[in-house]
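Student: Chain by chain, the residues:
6 protein chains.
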Amino acid sequence: MSLLYEVKEGDEFGIYVLIKAADVRTARNGKPFIAFRFQDRSGSMDGMYWSATEEEINKFQVGRVVFLRGDRDNYQGSPQVKIKALRLAEEGEPNDPTLYVERIDMKIDEIKEQINDALFQIHEPNINRIVRKILSEHEEAFYTFPAAKRNHHAMAGGLSFHTVSMLKIAKAILEIYPQLNSSLLIGGLILHDIGKTIELSGAISTEYTFKGKMLGHIVIMSEMIDQVCQQIGIDPDKEPVVLLKHVVLAHHGKLEYGSPVQPRLLEAEILHHIDNLDATVNMITSVLDKTEPGKESAQIYPLERRSFYQPNFRK
Amino acid sequence: MSLLYEVKEGDEFGIYVLIKAADVRTARNGKPFIAFRFQDRSGSMDGMYWSATEEEINKFQVGRVVFLRGDRDNYQGSPQVKIKALRLAEEGEPNDPTLYVERIDMKIDEIKEQINDALFQIHEPNINRIVRKILSEHEEAFYTFPAAKRNHHAMAGGLSFHTVSMLKIAKAILEIYPQLNSSLLIGGLILHDIGKTIELSGAISTEYTFKGKMLGHIVIMSEMIDQVCQQIGIDPDKEPVVLLKHVVLAHHGKLEYGSPVQPRLLEAEILHHIDNLDATVNMITSVLDKTEPGKESAQIYPLERRSFYQPNFRK
Amino acid sequence: MSLLYEVKEGDEFGIYVLIKAADVRTARNGKPFIAFRFQDRSGSMDGMYWSATEEEINKFQVGRVVFLRGDRDNYQGSPQVKIKALRLAEEGEPNDPTLYVERIDMKIDEIKEQINDALFQIHEPNINRIVRKILSEHEEAFYTFPAAKRNHHAMAGGLSFHTVSMLKIAKAILEIYPQLNSSLLIGGLILHDIGKTIELSGAISTEYTFKGKMLGHIVIMSEMIDQVCQQIGIDPDKEPVVLLKHVVLAHHGKLEYGSPVQPRLLEAEILHHIDNLDATVNMITSVLDKTEPGKESAQIYPLERRSFYQPNFRK
Amino acid sequence: MSLLYEVKEGDEFGIYVLIKAADVRTARNGKPFIAFRFQDRSGSMDGMYWSATEEEINKFQVGRVVFLRGDRDNYQGSPQVKIKALRLAEEGEPNDPTLYVERIDMKIDEIKEQINDALFQIHEPNINRIVRKILSEHEEAFYTFPAAKRNHHAMAGGLSFHTVSMLKIAKAILEIYPQLNSSLLIGGLILHDIGKTIELSGAISTEYTFKGKMLGHIVIMSEMIDQVCQQIGIDPDKEPVVLLKHVVLAHHGKLEYGSPVQPRLLEAEILHHIDNLDATVNMITSVLDKTEPGKESAQIYPLERRSFYQPNFRK
Amino acid sequence: MSLLYEVKEGDEFGIYVLIKAADVRTARNGKPFIAFRFQDRSGSMDGMYWSATEEEINKFQVGRVVFLRGDRDNYQGSPQVKIKALRLAEEGEPNDPTLYVERIDMKIDEIKEQINDALFQIHEPNINRIVRKILSEHEEAFYTFPAAKRNHHAMAGGLSFHTVSMLKIAKAILEIYPQLNSSLLIGGLILHDIGKTIELSGAISTEYTFKGKMLGHIVIMSEMIDQVCQQIGIDPDKEPVVLLKHVVLAHHGKLEYGSPVQPRLLEAEILHHIDNLDATVNMITSVLDKTEPGKESAQIYPLERRSFYQPNFRK
Amino acid sequence: MSLLYEVKEGDEFGIYVLIKAADVRTARNGKPFIAFRFQDRSGSMDGMYWSATEEEINKFQVGRVVFLRGDRDNYQGSPQVKIKALRLAEEGEPNDPTLYVERIDMKIDEIKEQINDALFQIHEPNINRIVRKILSEHEEAFYTFPAAKRNHHAMAGGLSFHTVSMLKIAKAILEIYPQLNSSLLIGGLILHDIGKTIELSGAISTEYTFKGKMLGHIVIMSEMIDQVCQQIGIDPDKEPVVLLKHVVLAHHGKLEYGSPVQPRLLEAEILHHIDNLDATVNMITSVLDKTEPGKESAQIYPLERRSFYQPNFRK
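As given, the protein sequences belong to chains A, B, C, D, E and F, one line each in that order.
Residue 192 in the UniProt record's numbering sits at position 192 of the first sequence, and the numbers go up by one each step.
Residue 8 in the UniProt record's numbering sits at position 8 of the second sequence, and the numbers go up by one each step.
Residue 191 in the UniProt record's numbering sits at position 191 of the third sequence, and the numbers go up by one each step.
Residue 91 in the UniProt record's numbering sits at position 91 of the fourth sequence, and the numbers go up by one each step.
Residue 54 in the UniProt record's numbering sits at position 54 of the fifth sequence, and the numbers go up by one each step.
Residue 71 in the UniProt record's numbering sits at position 71 of the sixth sequence, and the numbers go up by one each step.
Heads up, some of the hints might be wrong.
Non-contacting residues of chain A with respect to chain F, defined by C-beta distances greater than 10 Å in every case (computed) [claimed, not checked]:
no., residue
1, Gly14
2, Asp46
3, Arg132
4, Glu239
5, Ser307
Simulated coverage check for chain C against chain D, where a stretch passes if three residues somewhere in it have a Cβ under 8 Å from a Cβ of chain D [what the hints assert, rightly or not]:
no., segment
6, 212–218
7, 237–251
Taking lysine-lysine and the DSSO-like style, the derived pairs with C-alpha atoms no more than 27 Å apart in a straight line are [said to hold, decoys possible]:
no., chain 1, residue 1, chain 2, residue 2
8, F, Lys254, A, Lys295
9, D, Lys238, C, Lys149
10, C, Lys295, B, Lys254
11, A, Lys107, F, Lys171
12, F, Lys107, F, Lys149
Treat the hints as calculated values from the structure; they're not laboratory data.
All C-beta atoms in this analysis are idealised placements derived from N, C-alpha and C, irrespective of residue type, glycine included.
Please work from the sequences and hints to get the whole structure.
Tutor: What follows is the structure in structure tokens.
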């Protein structure tokens, strides 16, 4: 059975999908309709369900799996589903919502292994203990959360996948520039976004939490370091701890991007570059994946609304 | 005996002053000279000491009180001392350096009283306990530190004086806008700059500390709240605590001014306005105090280098 | 009988409201419908009237009072009326449009009294005469106009209400900072927005006038001072008059906000802060008034689209 | 006898010049010296007079003509005079200061003629009368003042010269774009900078006046129109008058350049372009005049510190 | 027979128009409709065609001429066609698409003559040969292309019309400022936008080409000069050639507007001003042409969304 | 024999150095002195030579090697030489200027090898031929030029060293993100700054050339590709060539940094990041190399004047 984004425009299909959003609105003829957003592992797509009955409105809730029959249509440049029929997936059918969540393209075990390997590059003992402790306390969330609500790595597991991808760059950079302090770079890198496990609500229908909105993941992260220091008896005023916090606090690179201090450590500056690079590659790649050779991609909002060109030749 | 800024241009004088800075440089004729900055309670003024001997260079160190004879001169629009003679203040003379430090114009007891009064407007019990605890722990520094290294309230006691001045505005505003939450506004106000007791080195020759440079007073303040919560057993995830932290974190008003989150509470927004207003009045007043009626003041760098006009009529 | 914003979502109601806007559009089925905006003292709300006849289009004009039966609905986060029936209010019913205009929450007499009291703080005789004369010439408009077309204090009487609210802050500030020149601050404050009585068209369906668009209220205000000087025989080149004009011209604080000169008087700078503070409190309060505890408000466009949080605890 | 800028570097000379500035400073050897700025019609140049006696300091005052003997030297890329001897010009010598003031390169009569010709393109009778009246009231200042304190056309007569130069462009543009309203364009153009006759102090050692600093020439100009309307009995609320004021108020083009309103008339927008164009040509030409072919000019501060290249080929 | 913009609101009409755009969408009732954009020489206007059949969708394609019967309607301030009937123009009817394309208001021969005249002001022989050669190679495109995809001179022939309009200003300016190098100014002016003949796809349904998107017309222009130098044997490192390229590369005036170098030649700076001036006049005039006296025009997006006022009096 | 930066403050020394700058100025006592800048492989340092004779001025020219005796002094935070004696290096002494030029820390052969290796990652044949041809034509300059006049890699050989350092990052990134087109990334990377061999004058006393100032290295590079295409018979409109040019043109990342087009290829965007990262590491490292543990470095101007902290612990 095919996936949402494998269907060609104009083709009819019948597939299982997850309801990601379901807004009930009133049509111009006065009758209610449901504006759906369907999702499977290939991505998500909108579709309108006209003249919905009260019963249908109650039945087709966010988080339910449905069997959807329809055509793939096009509305102002974006693909859309023209719904022909819709029913809830029944027992015996693939009705587990987690089957339909977009996921990263790498096994969890492999990710964990890479993170664990990286810990050995943290030679400074205080930083090593702090990073291990925080990782172990937030392990489950760290390996299942997205890296962001939208934009880059906004999928289940995206947070740890983004971290591993950055670690690969960091390892190469540590070899190229041996003057770098690996404890600060690797330690700061692993922790830099872990505050998102508290800033965001989780992998499914991700929202900002109350604490996330009021304090932000950068300050939350800094607090985690303090708590752990207190738990395992490390003086938070020691140079390595203050510098580790600095790396985390400064990793957005500029005040206007939300860092309360500008980078004043080489490693803090470099972490900002690596983070930026990986997020940028991820955003561009995810639109180019849906772009044919010789065409331009959809616009990417956080990259000044630029679209990108998919060349005809490879390599 | 008169003060530095009471002497008129061209007049000769002999007064006791503190050496605030003493840079040894080489003159174009190859001989060393000392570029002094002298200070008393009326302000500070530069003066060059030509052809200094090795002995004089060793004797006239920063922090020493000297008896200075000279003329008040003018160099490119700024007052300057033309040094005629210089000797260390001896025993029996007023040689205590603290006599020459610029101070705020209000008694400490009065300041303390106003701060204590304000605590009664913090009705929310968690916030009340947190604020009292932090105040008591940093009491000495809070009442002696300046509010900044330069710019506004950059004098001994400036930090608490600035806080009291803001409290007066806050009280008036609480009466005008009864919808404001006084626990958040007053609590946040008292704490908003207390992180400077750790960010700065003290009242004399104020510098940024290591922690101050690496973390900044906004994050330091947020950490103080966490530590105190842990000490007195308050859950830091309670709404009042999270909101108190938000007020402190957001009080610079914009990300580019160093707040890691923008104000999302009415009280955080208002605190930013009050802080700004008091700092602005202080900066303008301190230049207008040295400006004659009908003239323009010196330029104020943090206010877009504007100069201000001193009107001829009063009230 | 309840008001528009007292009805809960989903409830049916029947109430008298004013038609604030009535745009005739063509539905996708080709038939005309009316996009209404209804208003009473609690605020205003949209509602669509489908398949309108020619007669209905003629009858339901802006400015008419109607009896409206419907449900309170929700459209993309904003409350909306689902219209069940609509008829003009008849004689004997509350059909006076002025009953439905949103008004400030303070009696006109009280406002006038406060303004008159403030005049006694203008000790400089020229400024005092100018302010009294301008006030008396624009009295009616001053007490009925809004302070703006939208954003803050955009309601009948908003202009004088905003002025009085600012006067309260100014009085407190004059006590806290005795160095302020009260003639310039109070005089400038009372006049600062009075040019809006010429820039705007009035309290009902407020628009910019021709002069308002071409010259702006800041220059209009400056002209008013000149005219009055000429009428009552004051030399417009006298220092107090020039400074009063400066305060008015500079009160937007920065060139990019429309002031032709930057503040070069302490009082001009302070007036800008007070104006900003009162407008900000007003905008935030008016969205928080419609926000339940523990929730976030609607976004405020002039405040960088921020939403604000309504705490669960009071005071 | 040659002029200051006709002397080659390294050459000795003896010429009459005006003292434009004479700052008495103290040298590092403790003795006073005078930092002179000399001027003749070719430009102005600095020179230091070492070990000045009290008598010399009193004698060589700003505004006096002196006979100067010296070498042309070079200090960090700028020409400088190395003073050999200096004495006051005596009776019978060319000691009239006005002989040494930099002047525009056009006769006053020619300028007046061009301005008078342009008046005939103001067909709208109200605008015509207003412009004529203002011109006649400020005639003397208009033909002797500079157009600015520094930057462009900062020389005696520069104001009217700049106006005539702009008029030439305006006439060409009126022919190219017949849709333009010549009354508004020509009327606004002639008046646009006339407020400088009040904003600035005059042709010699030009400073901002009190009114200039507090109100700025844009608002001063708008006031002039009001005064004249009142004097000659024209209703200031008539469309042509309001639009003429708009053209003047908006001619800086953007709020951040000091216009209280943005251009909302085609003619206001065009006037801004013409003003900009003439000022830019004037600034670049005045540095290129001192630049040899194949070399780069001095940097121009108001043009983003750019330097300009003088080509080797002409036309 | 009248034109689209000659019909008054509410009037019924029957006229021939070109289909400029035809988007097929699904109405809320599930049926397809066509969102048309019709065009004739007076401008273009939208209209919805409800419940379109498959056959109609195939028939009414972009580029076809149709006979349109309808009313002129108004939708949210913009004119709109309410379609009553629609059929393809038949043989014997005016069905040539080029009849309906908006065109400039000047004959091609006249334009060519003016361009040819201007060539005589390019005295420098290398520049003269380069400009003539490039012109002759791109002659057809140069006289038929628009000057832009939208905004200013976005009509057939707009590129050469814009060039001639700028030439008129340049000629006047060369007389006013004789210091200008006419070879560089006129040569650069004629070439400045000729790269658009490669950046854009043509006069009808103008799009950016692949090269246009990837390199931009500024670099394309610079390459043209190189190619021509190589073809006619001119050394591209000669001063006149390098400067001609500079003028073309720098004519956007600032890096952020897409010039890879800032103007460092007086002529490059001036060309930027002339370009700007003509584009601005064109944009404002085209909205004022559709604005009644005493009213405000539509907003112009590239001019900070300003609207412009159409005065009641002429000249 | 020690180097300039190996001498401690206050120590006396006698070493051979190159004269990098020698400005003759007049001291306040009227006598000429020479402001020297001396250089050896450890860096460069200023020193004043008082009361210079005509003969000395002629002898001590830029580019000469001298034997310098003096003390290491400190002037306003920067190290300075206090000159005791100075004489030209004689025959038999190390008087070859190239011995004193600051050089990169890598052998040329190693650099060449790395560049040659990288060519094998350019699989697209047209790009491969273009890159090889340009490299071979500019080989000597490519391996001896600096990467910039100042800021980063501003030393002999800096251009190729910077390129190799970037290649190392690029290789790592190509492995991490296999979706990248290595022909475009590696080809664009090798060429991206090669235009500097024409923009700059060479390794010693580097200046911008005439073409460099007028066209800039980005456009020069684009021209090189065109010339080479023409020489080796490749159609410059082929997709790979246009894209290669795009990568080079867009590598500054934003218009305001001098790219005439924004990146629209993933590889162009990535190249910008790699360039930025390597330049940043180079700038920070070169100030941290001169900073002791626990101290702050000098400020780096292109990095918002930030200083960086040198941690006490390594790795």
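Student: The structure should be examined with respect to each hint, and the outcome stated for every one.
Tutor: Cross-check of the supplied hints:
no.	hint	result
1	Gly14	32 Å, holds
2	Asp46	27 Å, holds
3	Arg132	17 Å, holds
4	Glu239	6 Å, violated
5	Ser307	7 Å, violated
6	212–218	holds (count 5)
7	237–251	holds (count 7)
8	F:Lys254 <-> A:Lys295	22 Å, holds
9	D:Lys238 <-> C:Lys149	25 Å, holds
10	C:Lys295 <-> B:Lys254	22 Å, holds
11	A:Lys107 <-> F:Lys171	25 Å, holds
12	F:Lys107 <-> F:Lys149	22 Å, holds
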